[in-house]
Amino acid sequence: MIHEDPRAYLLGLEGMALLRAFTGEFGRDFVEARIAEIRRVLADEALADAAVEVDRVDAVTGYRLWSATYDRPNSAFDLDEPVVREIVDALPVGVALDAACGTGRYAEFLARRGHRVIGVDGSPDMLARARTRVPRGEFLLGDLHRLPVAGARFDLVVCGLALTHVPALEPVLAEFARVLRPGGHLVLADVHPERVAQGAVPPVRGADGRPGRLSGYRHPIGDYLRAALAVGLRVRRCEEPLVPADDRPVPAARTGAIGPVGPWELWPWSLAALVPEAARAVNAGAPALVIWHFEAGEP
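Residue numbers for the sequence shown follow this note's numbering, beginning at 1260 and rising by one.
Hints listed in this document are in silico derivations from the structure and should not be mistaken for laboratory results. Every residue, glycine too, gets a C-beta built ideally from N, C-alpha and C. One or more of the hints may lead you astray.
With beta-carbon atoms standing in for the labels, derived distance ranges [to be verified]:
1. Pro1503 x Gly1353: 31 to 39 Å
2. Arg1513 x Tyr1476: 34 to 42 Å
3. Thr1391 x Gly1283: 47 to 55 Å
Whenever a hint applies, use it, and build me the whole structure from the sequences.
Shown next, in the form of structure tokens:
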């Protein structure tokens, strides 16, 4: 069970913003404004009663619940797809595995480029949508730790926004290395560990309406490297797309109550909007995703 208190999130943002000020990014006025805003957060009685008890939901259950709406507009898709497509477009056409394929958004562009595509996912509901989306693909029910495919079969493995749901990277990267042919390529996109630490974990509602969060794990950048190098994968490229800049006018300073927290499904984003100057300071120049391109070594 997770106790999500909006005050904890708001005070966390304020604290991160103040740390950036402490190291010289912002001046006295910014610091005083943050401290005044912290006092408002602590004095707001409505916030004190707004905490939500949230279930931890495993990935299979979570993606079953999320499958019907997964393909709605998602800012993460806008950030990972251009980089992943650029990497893939420079590679030869061959046999490609879309690991944790979801509804087939990667599988679709791989098939259009001419790859023979096999997708693996742990959610039957997601796979049903992928089969409809990519009729020429082959889609299998399976786990990232035990991929239901032969070794040394693939020229390319892609995996998008899935590894934050596994507790350890080593066994999954070992599976990716096992199924790659010598000289094959692995392209991973994942939520950046800084964003995971800030609560960028998908929300879902259970069948009974109870709020839940998919299981999320913060993997430091070095963990990806150590897991990949240990199984003979070489780094070809690493990108860290930034959180999109907020170019809206700076809101005027407010007094009084912080304001309504918004529906739980929009947390933490609706919460960040309650302290926009602090949120903007935290997000400025911050990475949203990490994208890796690895190549399998020759035997």
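Hint check against the structure, violated hint numbers in rising order: none
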